[in-house]
Amino acid sequence: MSINRRQFLRRVGLVSALGLGGSFVITSLRGKKVEAASSVAEYETSKDALVAKHWAMVVDMSKFKTEEDFKKVVDSCVSIHNIPDIGNLKDEIKWIWEDDYEHTFSGGENEYLTESFKKLPFAVICNHCENPPCVKACPTGATFKRPDGIVDMDYHRCIGCRFCMGACPYGARSFNWRDPRPFIKKIDPDFPTRTQGVVEKCTFCVERLADGVMPACVEASNGGLIFGDLDDPNSEVRKIISTKYTIRRKVELGTQPSVYYLIGGGNNA
Amino acid sequence: MYKGGRIIASLIIFVAFLTFPFFYNMGKANAGPVNLTANIQKIANTQCVEPAEFMRANHMQLLNQWRNAYVRDGQTVYTNSQGEKFNIDLSTCIKCHSTGTESNPVGTINPATNPVGVSNPALNTSDQFCISCHNYVSVKPTCWSCHSETGGATK
Amino acid sequence: MLEKALTGSKRYWAWIFFLLAVIAVGLVAYFRQYNYGLGLTGMSRDVSWGLYIAQFTFLVGVAASAVMLVTPYYLHDFKKFGKMVILGEFLAISSVIMCIFFIFVDVGQPMRILNVLLYPQLHSVMFYDMCVLFGYLFINIVVGWTTLGAERKGTPPPKWIKPIIYISIPWAFSIHTVTAFLYAGLPGRPFWLSAIMAARFLAAAFAAGPAFLILLVLIVRKVSKFDADPPGVGAIQSLVKIIRYAMIANIFFYICEVFTAFYSNIPEEMAPFKYAFVGLDGHTSLVPFMWAATILAFIGIGLLIFPTRKNKVLLPLALVAIYIANWIDKGVVLIIAGFVPNPFGRVTEYFPTSNELAIVVGVYAIGTLVLTVLYKVAISVREQNQI
Chain A
724 MSINRRQFLR RVGLVSALGL GGSFVITSLR GKKVEAASSV AEYETSKDAL
774 VAKHWAMVVD MSKFKTEEDF KKVVDSCVSI HNIPDIGNLK DEIKWIWEDD
824 YEHTFSGGEN EYLTESFKKL PFAVICNHCE NPPCVKACPT GATFKRPDGI
874 VDMDYHRCIG CRFCMGACPY GARSFNWRDP RPFIKKIDPD FPTRTQGVVE
924 KCTFCVERLA DGVMPACVEA SNGGLIFGDL DDPNSEVRKI ISTKYTIRRK
974 VELGTQPSVY YLIGGGNNA
Chain B
19 MYKGGRIIAS LIIFVAFLTF PFFYNMGKAN AGPVNLTANI QKIANTQCVE
69 PAEFMRANHM QLLNQWRNAY VRDGQTVYTN SQGEKFNIDL STCIKCHSTG
119 TESNPVGTIN PATNPVGVSN PALNTSDQFC ISCHNYVSVK PTCWSCHSET
169 GGATK
Chain C
89 MLEKALTGSK RYWAWIFFLL AVIAVGLVAY FRQYNYGLGL TGMSRDVSWG
139 LYIAQFTFLV GVAASAVMLV TPYYLHDFKK FGKMVILGEF LAISSVIMCI
189 FFIFVDVGQP MRILNVLLYP QLHSVMFYDM CVLFGYLFIN IVVGWTTLGA
239 ERKGTPPPKW IKPIIYISIP WAFSIHTVTA FLYAGLPGRP FWLSAIMAAR
289 FLAAAFAAGP AFLILLVLIV RKVSKFDADP PGVGAIQSLV KIIRYAMIAN
339 IFFYICEVFT AFYSNIPEEM APFKYAFVGL DGHTSLVPFM WAATILAFIG
389 IGLLIFPTRK NKVLLPLALV AIYIANWIDK GVVLIIAGFV PNPFGRVTEY
439 FPTSNELAIV VGVYAIGTLV LTVLYKVAIS VREQNQI
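Residue numbers (this note's numbering), protein chains in the order written: chain A, 724 to 992; chain B, 19 to 173; chain C, 89 to 475.
Possibly wrong hints are sitting among the right ones.
[Claimed, not checked] Derived lysine-lysine pairs resembling BS3-like cross-links, with alpha carbons at most 30 Å apart:
| # | chain 1 | residue 1 | chain 2 | residue 2 |
| --- | --- | --- | --- | --- |
| 1 | C | K168 | C | K398 |
| 2 | A | K813 | A | K795 |
| 3 | B | K103 | A | K908 |
| 4 | B | K21 | A | K776 |
| 5 | B | K113 | A | K909 |
| 6 | C | K92 | B | K21 |
| 7 | A | K868 | B | K21 |
| 8 | C | K167 | B | K21 |
| 9 | A | K908 | A | K776 |
| 10 | A | K842 | C | K362 |
| 11 | C | K362 | A | K813 |
| 12 | A | K770 | B | K103 |
| 13 | A | K770 | B | K158 |
| 14 | A | K841 | C | K398 |
| 15 | A | K908 | B | K113 |
| 16 | A | K909 | B | K158 |
| 17 | C | K241 | B | K21 |
| 18 | A | K962 | A | K776 |
| 19 | C | K329 | C | K241 |
| 20 | C | K362 | A | K973 |
| 21 | C | K329 | C | K313 |
| 22 | C | K98 | C | K241 |
| 23 | C | K171 | C | K362 |
[Claimed, not checked] What the simulated footprint calls covered on chain A by chain C, stretch by stretch (three residues with Cβ under 8 Å from a Cβ of chain C suffice, anywhere in the stretch; the number is not a length):
| # | stretch |
| --- | --- |
| 24 | 788 to 797 |
| 25 | 802 to 815 |
| 26 | 818 to 829 |
| 27 | 835 to 846 |
| 28 | 860 to 871 |
| 29 | 900 to 913 |
| 30 | 976 to 985 |
Calculated directly from the structure, the hints in this document are not laboratory data.
Ideal Cβ positions, reconstructed from N, Cα and C, are used throughout, including at glycine.
Build out the structure end to end from the sequences listed, making use of the hints.
So this is what it looks like as structure tokens:
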């Protein structure tokens with residue numbers, strides 16, 4: 724054998740590349756066969772599904788007075804979405820929670836605010852922005868904006884880079900720092916639990932909307948959370964926002980959040 | 019050949035290691051997937067979402083397509099090649115492919131035995147019906163680290 | 089040429105095995121993290137990026153700094169850097185490899201990392217970051233290996249390498265600019281939302297990277313017969329000039345940032361700086377780091393401005409001071425202070441865990457191993473040629 728090492732390595736490399744390349748070609752050809760077989764099949768949305776051009780939510784602050792009001796709302800989300808209670812602030816996962824005026828809104832510090840207003844509890848969720856910085860940041864498209872305005876999560880594609888968490892100006896996203904299953908009180912089998920290493924957040928209950936049902940928190944809030952199509956001039960959300968005074972979080976950032984807070988309430992406009 | 023003795027000896031040992039599984043199993047009867055008929059329950063006169071031949075070869079691609087349609091496109095209804103409609107949901111599969119026993123409601127991980135809760139796919143085990151075949155072919159599906167269905171078949 | 093890394097003195101092999109041992113410890117720590125989840129680190133819902141991404145950010149700068157040797161030598165025929173360029177390119181390779189490893193250990197689902205290439209999102213800066221990093225790695229491997237191989241054979245390098253070398257110059261700027269854009273485009277993080285981020289990153293990189301390179305040249309001088317800056321050439325002093333002005337620019341940019349934040353008196357702008365320098369709401373964990381960096385930075389610049397820069401003891405000290413000052417600024421403070429306060433105006437502090445530190449040290453050991461092997465090859469070629 725008069726072959727030298729460099730020639731040998733080159734030939735091995737070439738044969739390996741041919742073998743790998745060949746296997747890719749064969750797999751892709753096979754893939755085309757499968758596509759051809761299932762091309763007759765069709766996918767469509769359910770006839771019961773709720774549709775909209777721009778889903779939005781109004782938080783009627785006059786309806787959130789007691790801890791009970793909040794607990795109902797938070798529990799409805801936690802129970803149907805298998806949200807774990809990790810027990811420490813470091814790893815916590817929350818889709819809907821409450822905070823006060825000073826911390827929820829930018830430039831909210833005002834020492835002369837009325838005491839009751841300072842203590843008012845605001846329900847905080849993902850704002851499903853019209854210009855979501857998290858969607859812009861995501862390198863895989865795991866978080867994406869649906870045509871109906873909802874910023875959705877694809878847990879299958881998420882690589883857990885947490886760039887979206889840095890991008891979100893509202894702190895709405897949580898990461899599964901560990902396996903969530905041991906910390907879920909009661910697993911609801913109709914919804915996945917998610918696994919360690921993916922980011923999650925409120926998705927305006929897309930799975931319920933697909934079945935023609937309102938989001939869980941909206942149902943549990945007893946009128947405190949109003950949900951509807953902002954694009955529909957007859958929807959309740961549109962009527963409230965165009966006639967009463969509402970505020971949104973951090974509007975100066977240009978994200979155009981879809982969650983509005985009605986602070987002038989029914990009686991004190 | 020320079021150091022030819024050592025090279026040939028090492029090559030023989032290497033090939034022996036590589037082909038060991040074949041020699042070890044030579045002549046043994048092929049066990050096949052465990053409890054296959056019990057797990058893939060045939061309810062009289064019904065077929066799966068698509069004909070069995072198609073599902074056997076392509077259920078992976080179909081599940082991927084279902085996943086993308088539901089999660090990314092919001093489409094929840096699948097019309098198969100014969101015009102029948104199905105809900106895109108894992109429960110559509112579990113309805114038939116189940117031995118009917120009450121499975122662990124916590125899903126795939128039992129905190130009593132596994133308090134740390136290992137759910138990364140490389141180490142996952144499952145009590146769903148899929149594993150009867152998947153253990154046999156040694157291909158671990160990663161579904162059950164997130165999805166938890168009740169009434170899944172145990173092996 | 090790689091076989092040159094397989095022969096060496098007892099000291100060389102002792103160093104290699106030491107690095108392998110450290111890497112093994114890092115591997116064990118990583119398996120623990122892979123099983124448990126990233127909760128094994130000090131990161132939290134509020135501080136969602138920590139030491140891993142911080143090291144990545146710093147090392148991208150070190151990798152980009154090779155351009156400070158390539159540009160004068162190849163573009164402007166500055167012959168003094170002739171013997172050092174290969175060391176700069178190999179340092180770039182080692183740094184980029186470390187960057188890739190730091191991203192890999194930071195990601196929550198590493199087995200899915202190819203999703204970035206399978207489902208590319210053209211609006212995501214992180215997608216471009218992956219592309220430019222791998223491109224830069226490829227360029228440096230090709231350029232370094234080809235030029236060194238040609239030198240070994242005693243022939244000039246092939247003509248097609250020239251365009252690749254010229255491309256590497258703007259490409260080096262781009263890797264650190266894209267990394268800066270990761271931060272500078274996020275509307276919710278006022279500490280990072282600054283037009284000057286990319287300029288700051290580059291200035292800091294062109295100070296820290298060459299500083300580390302000179303230290304490596306001095307080490308190589310001690311452990312081998314190869315001198316990248318023989319007496320009379322003055323390559324090191326030329327590089328010192330570059331480091332000096334880059335560091336002065338870096339400090340100037342930082343002062344610009346501080347001025348804008350505090351003169352405008354906007355609370356969101358001031359808060360992270362306050363957290364770093366004096367603490368916020370009683371949380372002061374970053375304060376000693378920030379002041380150490382400031383003092384070291386000024387000591388370093390001072391030593392490099394005055395004739396002390398020619399002193400055999402004070403020059404290395406100045407370079408170490410500059411390197412550590414920049415490492416603290418990028419590798420400790422920048423990322424963590426960006427998350428303080430959180431979007432609700434509250435402070436959550438970040439403390440790395442021991443497992444996290446073991447992984448960080450392990451990745452640094454991997455980079456050092458790559459650097460050692462590549463440098464051994466380069467040194468062997470040079471020593472051979474000189475004989």
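**Message:** Tell me whether the statement that chain C covers the stretch 860 to 871 of chain A is true, taking a Cβ distance below 8 Å and needing three residues at minimum.
**Reply:** holds (count 6)
**Message:** Can you confirm whether chain C covers the stretch 788 to 797 of chain A, using C-beta to C-beta distances below 8 Å and requiring at least three such residues?
**Reply:** violated (count 0)
**Asked** For the stretch 976 to 985 of chain A, does the count of residues with a C-beta closer than 8 Å to a C-beta of chain C reach 3?
**Response** holds (count 3)
**Item:** Claimed coverage, the stretch 802 to 815 of chain A by chain C - three or more beta carbons nearer than 8 Å
**Value:** holds (count 4)
**Request:** Would you check the hint for C:K329 and C:K241, treating anything up to 30 Å between C-alpha atoms as holding?
**Result:** violated, 33 Å
**Prompt:** Are the Cα atoms of A:K909 and B:K158 separated by 30 Å or less?
**Reply:** Since the Cα atoms of A:K909 and B:K158 sit roughly 26 Å apart, the hinted pair holds (cutoff 30 Å).
**Message:** A:K770 and B:K103 were given as a pair; does the straight-line alpha-carbon distance stay at or below 30 Å?
**Reply:** holds, 12 Å
**Assertion that chain C covers the stretch 835 to 846 of chain A - criterion: three or more residues, beta-carbon distance below 8 Å** = Coverage by chain C is violated for the stretch 835 to 846 of chain A (0 residues, Cβ < 8 Å).
**Restraint status (C-alpha distance of A:K962 to A:K776 at most 30 Å)** = Holds, at about 16 Å.
**Request:** Confirm or reject the coverage of the stretch 900 to 913 of chain A by chain C under the rule of 3 or more residues with a beta carbon closer than 8 Å to the chain's beta carbons.
**Result:** Check passed, 3 qualifying residues.
**Request:** Take a quick look at whether C:K167 and B:K21 sit within 30 Å of each other, Cα to Cα.
**Result:** violated, 46 Å
**C:K362 paired with A:K973 [C-alpha distance capped at 30 Å]** = holds, 22 Å
Comparing the model with each earlier hint shows violations of hints 3, 4, 7, 8, 9, 13, 14, 19, 23, 24 and 27; every other hint is respected.
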